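These protein sequences, in sequence, are chains A and B. Just so you know, we're using the working numbering here: the first sequence kicks off at 14 and counts up by one. Just so you know, we're using the working numbering here: the second sequence kicks off at 14 and counts up by one.
Hint data in this document are derived by calculation from the structure and do not stem from the laboratory. Keep in mind that this is a model prediction, so the values were computed, not measured. Built from N, CA and C at the ideal position, the CB exists for glycine as well. One or more of the hints may lead you astray.
[Stated by the list, open to error] Sample of chain B residues facing chain A (criterion: CB under 7 angstroms; computed from the structure):
no., residue
1, T182
2, A186
3, A188
4, V201
5, V402
6, I511
[Stated by the list, open to error] Below are the PhoX-like pairs computed for lysine-lysine, each with C-alpha atoms no more than 25 angstroms apart in a straight line:
no., chain 1, residue 1, chain 2, residue 2
7, B, K192, A, K315
8, B, K51, A, K196
9, B, K488, B, K366
10, B, K51, A, K287
11, B, K104, A, K51
12, A, K192, B, K338
13, A, K488, B, K104
14, B, K488, A, K315
15, A, K51, B, K196
16, B, K51, A, K192
17, A, K104, B, K488
18, A, K315, B, K315
Here are the chains, one letter per residue:
2 protein chains.
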Amino acid sequence: MTQSAQQMFDLHREILDQAVDAISSRSFWTPYPESMRKYPEDEVKAAPTKFDSLLNQPFTLNGVGNSQQVGGEVSPYGFELGITYDQPDTKATIAAMQVAMRDWRDAGVEARVGVCLEILARLNAMSPEIAQAVMHTSGQGPMMAFQAGGPHAQDRGLEAVAYAWQAMTQIPASAQWVKPQGKHDPLVMDKRFHIVPRGISLVVACSTFPTWNTYPGLFASLVTGNPVILKPHPGAILPVAMTTRVAQEVIEEAGFDPSLVSLVPDTADAPLTKELALDPAVKLIDFTGSNVFGDWLIQNAKQAQVFAEKAGINTIIIDSVDSLKSVTANLAFSLSLYSGQMCTTPQAIYVPKSGIETSDGHLGFDDVAAALAKAVQAFLSDNDRACTVLGALHSMETQARIDECRGLGEIVLDSEPREHTQFPQARIHTPLILKVDAAQKAAYSEERFGPISFIIATENTAHSIELASDVIREKGAITLGAYATDEAVVDQFEQLAIEVATPLSLNLDGGIFVNQSAAFSDFHATGGNPAANASLCNQAFASSRFLVVQSRRHAQPD
Amino acid sequence: MTQSAQQMFDLHREILDQAVDAISSRSFWTPYPESMRKYPEDEVKAAPTKFDSLLNQPFTLNGVGNSQQVGGEVSPYGFELGITYDQPDTKATIAAMQVAMRDWRDAGVEARVGVCLEILARLNAMSPEIAQAVMHTSGQGPMMAFQAGGPHAQDRGLEAVAYAWQAMTQIPASAQWVKPQGKHDPLVMDKRFHIVPRGISLVVACSTFPTWNTYPGLFASLVTGNPVILKPHPGAILPVAMTTRVAQEVIEEAGFDPSLVSLVPDTADAPLTKELALDPAVKLIDFTGSNVFGDWLIQNAKQAQVFAEKAGINTIIIDSVDSLKSVTANLAFSLSLYSGQMCTTPQAIYVPKSGIETSDGHLGFDDVAAALAKAVQAFLSDNDRACTVLGALHSMETQARIDECRGLGEIVLDSEPREHTQFPQARIHTPLILKVDAAQKAAYSEERFGPISFIIATENTAHSIELASDVIREKGAITLGAYATDEAVVDQFEQLAIEVATPLSLNLDGGIFVNQSAAFSDFHATGGNPAANASLCNQAFASSRFLVVQSRRHAQPD
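All chains should be built: construct the whole structure from the sequences, respecting the hints.
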């Protein structure tokens with residue numbers, strides 16, 4: 014191990030131990046504060062200026078030759094970033110990474126963990142700046158871009174490192190094996206066990222959470238010895254490029270080849286992901302994105318292990334509530350946050366057509382629908398707050414989808430555009446809420462990405478559960494929220510969650526939201542329904558990324 | 014948990030803890046003695062009679078209706094078993110197993126572990142009887158059938174249980190998550206975490222090691238909550254059927270549905286494996302067998318996770334030795350054991366054409382080849398011992414292959430038939446050893462299953478390493494043995510092992526053989542070359558078989 018890698022490991026050892034404790038206890042913990050006030054005020058204030066200074070010029074990284082320039086990011090807040098990036102030759106990049114892999118592999122577990130934790134620490138310090146890049150590529154609001162793009166993403170990276178550390182250190186470096194032979198001398202074998210990476214790891218980043226969804230695969234692969242190609246979404250390159258730069262700096266300081274983390278950006282017109290995914294050297298693929306492409310990877314990239322998070326029909330079932338006001342306020346936030354562009358945002362809300370019981374008495378189906386609409390309206394009544402929470406729509410397609418979906422049901426709350434004070438060109442649209450009958454399955458059982466949700470009139474809660482079960486089995490889901498005051502019904506929800514392998518949030522009516530999952534405690538997706546084939550993070554996510562190669566020989570004289 | 018499952022868990026708790034220690038320390042340990050003398054003498058003596066009493070009649074198991082009878086096993090020792098087995102309707106079987114899965118899942122980790130350890134304990138007690146069934150289906154010799162078919166197979170099952178226990182208990186059943194909110198009250202969430210099976214597990218057993226290669230998948234899947242379909246090779250049903258019967262008895266005693274382990278035998282004329290493997294309910298597949306079928310499963314059974322052990326070109330590289338006599342004696346045993354029908358038997362032996370250094374001075378290539386031939390001849394000179402070690406050839410194809418391969422090189426040692434005293438019809442053949450030039454790659458780089466090996470004349474050790482590297486990268490290997498007296502060369506072998514992800518045995522010249530791997534200490538295959546995509550057993554082998562489904566809600570008042 015190089016001296017600087019050792020220093021990095023020693024410096025972060027305590028955080029590592031705490032992270033390992035946290036993934037076991039699954040209680041609240043984080044080393045990366047989510048409050049912007051915990052970061053130096055100067056850094057926070059300087060972030061927009063630093064971001065501006067990156068615009069309209071090339072963003073340089075370490076990379077092999079033959080590169081051409083790509084770029085073309087446009088902020089959903091209405092301006093062109095004008096940044097260009099080197100697009101290295103893919104074959105040459107992979108060849109260089111394969112060479113670099115050896116030293117990285119041979120450096121050992123502590124060196125790799127030290128380097129990864131130092132990368133995370135530096136990313137954390139840069140959170141205000143990364144937030145700007147996340148905001149102006151994904152369209153997230155500034156607060157969310159800071160939290161989800163910075164500390165929460167770093168949490169997920171650290172979680173992956175902790176799982177990998179646990180898995181790798183479970184294997185001893187050496188062992189002596191002494192087999193008794195009755196009256197004869199025992200057989201004594203000296204054994205060595207090497208942690209060996211699988212090969213090149215490809216992490217395909219998405220446009221909506223360019224860091225949060227990227228860091229688990231990046232860090233799980235890198236820390237287990239695999240060089241990582243980061244292939245950003247053409248519309249959200251900058252946050253991934255900034256991450257790459259930090260990773261390359263730390264890797265180089267620690268005495269390794271910076272190409273161990275390489276950025277390979279592409280364009281919508283000339284995408285490179287398929288070519289990269291089918292390269293025989295690529296043995297691990299992490300992907301977040303559409304079902305079509307995720308399924309393509311699983312079907313075609315046979316030489317690789319694919320960890321895919323795709324889309325699903327996130328679900329809310331309402332049976333009964335204490336305070337409908339608290340519940341609708343909670344759901345209003347969930348439906349509004351980042352304009353429904355989270356992979357965890359609810360889309361299908363099942364309510365019995367006969368209505369529900371509340372602590373204020375029985376309320377009809379239309380009362381529930383109206384209460385939700387009213388809660389969203391109230392929550393978004395202050396335009397500044399609305400713009401901050403909604404963020405901007407990442408793509409024109411999402412904007413168009415709102416119009417396309419208006420006819421799918423009866424409008425409970427129409428979507429309306431909003432104008433951002435600072436960025437008047439920003440694509441900001443409030444949620445569209447439709448009500449439909451249970452029979453209109455085609456409407457609500459397709460993913461309608463964006464601020465679009467359906468309140469579905471069912472026969473009763475048993476029917477809601479049945480429909481949710483059918484839809485999730487077929488289409489998957491990453492979140493399931495449910496409301497009931499009767500514990501017997503709560504038990505039915507718990508059973509449903511188990512049957513459809515979807516994490517359950519029960520009776521959320523306060524400051525916790527169904528679309529948020531906390532690192533070290535909440536497992537994001539289960540891998541057991543069509544929305545994802547892996548969970549972020551768990552033991553399998555980390556331990557599948559390395560091999561153990563052993564050697565054995567008769568015991569050597571000391 | 015049922016009372017009897019609890020009792021089973023309590024009874025075997027100590028063994029479980031010891032097994033967990035063993036997989037971490039990787040030192041020698043086993044609760045299942047490999048010496049027949051440690052088993053009751055009466056049981057050992059009665060085993061052949063008990064085996065005879067099973068012949069020429071139906072072997073009954075728990076199963077769903079619509080069954081027809083299949084059978085047709087022929088002992089490689091020259092007689093028909095005459096046993097028939099129920100072949101249940103596959104759809105009905107899967108449907109029944111899916112229903113049974115719920116109670117099994119909800120019973121919890123300790124109940125499932127208790128049941129699995131009790132199954133293993135009963136299998137251990139039956140080892141003498143199971144050895145008879147393994148011998149007369151696989152063709153293994155009696156000692157090997159006992160050890161590999163009994164205690165060593167049980168070790169591998171226990172190892173899988175230990176890994177799964179470790180993985181499952183790493184997840185707490187519940188947690189309280191307390192997030193500070195500055196001056197306000199903290200957010201407090203109560204969380205529950207459920208271990209949820211993936212679905213139906215299909216374990217496709219092989220003809221040569223019907224228990225050893227079956228128990229890891231069987232126990233890893235069962236203990237994590239997945240019902241298991243055992244699909245035996247049509248030529249080696251009995252050992253799997255006996256295992257199924259024991260499993261069903263224990264499962265039923267513990268209060269669960271015995272169909273949780275179901276035998277689905279088929280015939281060579283009407284195979285069922287593809288149909289079973291493509292069933293949407295089947296989520297896990299363990300397979301040992303040919304590359305063609307293993308690759309078919311990986312390409313086609315997309316709904317399932319496939320753990321495949323296939324074939325490879327197991328390799329020996331000789332650079333230099335202390336005592337050539339000790340080395341060739343060691344290799345003679347490895348080449349003879351079970352007539353080379355182990356997935357770990359060496360096939361390609363690389364030796365520099367200029368010869369090697371030994372403690373007796375330089376020896377030419379032909380000297381080395383002749384010494385190996387002589388060692389095999391000497392080892393097999395006693396016909397009784399030869400028959401015991403060689404066992405019988407499982408299939409006519411393997412017998413025919415010996416003839417087909419004679420022309421592939423210059424014969425160093427010809428294969429000859431042997432006559433077994435007790436079973437004169439047994440298919441017993443000694444090893445065929447050929448010498449070839451390095452350029453005759455087509456000869457030695459195809460798997461020649463059976464007692465067929467090649468001594469390959471290379472330019473020098475660097476050339477040997479280069480050839481071995483090329484062949485293993487392309488075709489895979491499960492074992493690599495190497496000999497050198499110079500530690501610098503030993504280091505090159507260690508690097509080769511790491512690069513081609515193959516376990517290395519160095520300078521074996523005593524009582525340890527390259528084709529033997531010890532549970533709890535040696536990882537069998539790495540999953541990192543074409544011979545296998547998984548390792549038996551490691552964390553990934555167990556932790557990929559279950560999901561974690563969580564629920565969370567605001568903390569409830571006590």
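How the hints compare with the structure:
Interface restraint check for B/T182: the shortest CB-CB distance to chain A comes to about 10 angstroms, outside 7 angstroms, so the restraint is violated. The criterion of a C-beta within 7 angstroms of any C-beta in chain A is not met by B/A186, whose closest approach is roughly 10 angstroms, and the hint is violated. Annotation: interface hint on B/A188 holds; nearest CB of chain A at approximately 4 angstroms, less than 7 angstroms. Nearest Cβ of chain A to the Cβ of B/V201: about 9 angstroms, over the 7 angstroms cut. The hint is violated.
Here the hint on B/V402 is broken, as its CB sits about 19 angstroms from the closest CB of chain A, past 7 angstroms. Residue-level restraint check for B/I511 holds (minimum Cβ-Cβ distance to chain A is 5 angstroms; threshold 7 angstroms). For the hint linking B/K192 to A/K315, the alpha-carbon distance of about 42 angstroms lies beyond 25 angstroms, and the restraint is violated. The suggested pairing of B/K51 with A/K196 holds, with an alpha-carbon distance near 15 angstroms, which does not exceed 25 angstroms.
A C-alpha spacing of about 24 angstroms is found between B/K488 and B/K366, which places the hinted pair at or below 25 angstroms, so the restraint holds. Proposed proximity of B/K51 and A/K287 is contradicted: the alpha carbons are some 58 angstroms apart, above 25 angstroms. At most 25 angstroms may separate the alpha-carbon atoms for a hinted pair to count; B/K104 and A/K51 exceed this at roughly 59 angstroms. Of the supplied pair hints, the one linking A/K192 and B/K338 holds, its CA atoms being roughly 24 angstroms apart against a limit of 25 angstroms.
With a C-alpha separation of about 24 angstroms, the suggested pairing of A/K488 with B/K104 holds against the 25 angstroms cut-off. Only pairs whose Cα atoms come within 25 angstroms are accepted, and B/K488 paired with A/K315 is accepted, the gap being roughly 16 angstroms. As the CA atoms of A/K51 and B/K196 are separated by approximately 15 angstroms, the hinted pair is consistent with the 25 angstroms bound. With a CA separation close to 16 angstroms, the supplied pair B/K51 and A/K192 stays within the 25 angstroms bound.
The suggested pairing of A/K104 with B/K488 holds, with an alpha-carbon distance near 24 angstroms, which does not exceed 25 angstroms. This hinted pair checks out: A/K315 and B/K315 have alpha carbons roughly 10 angstroms apart, not beyond 25 angstroms.
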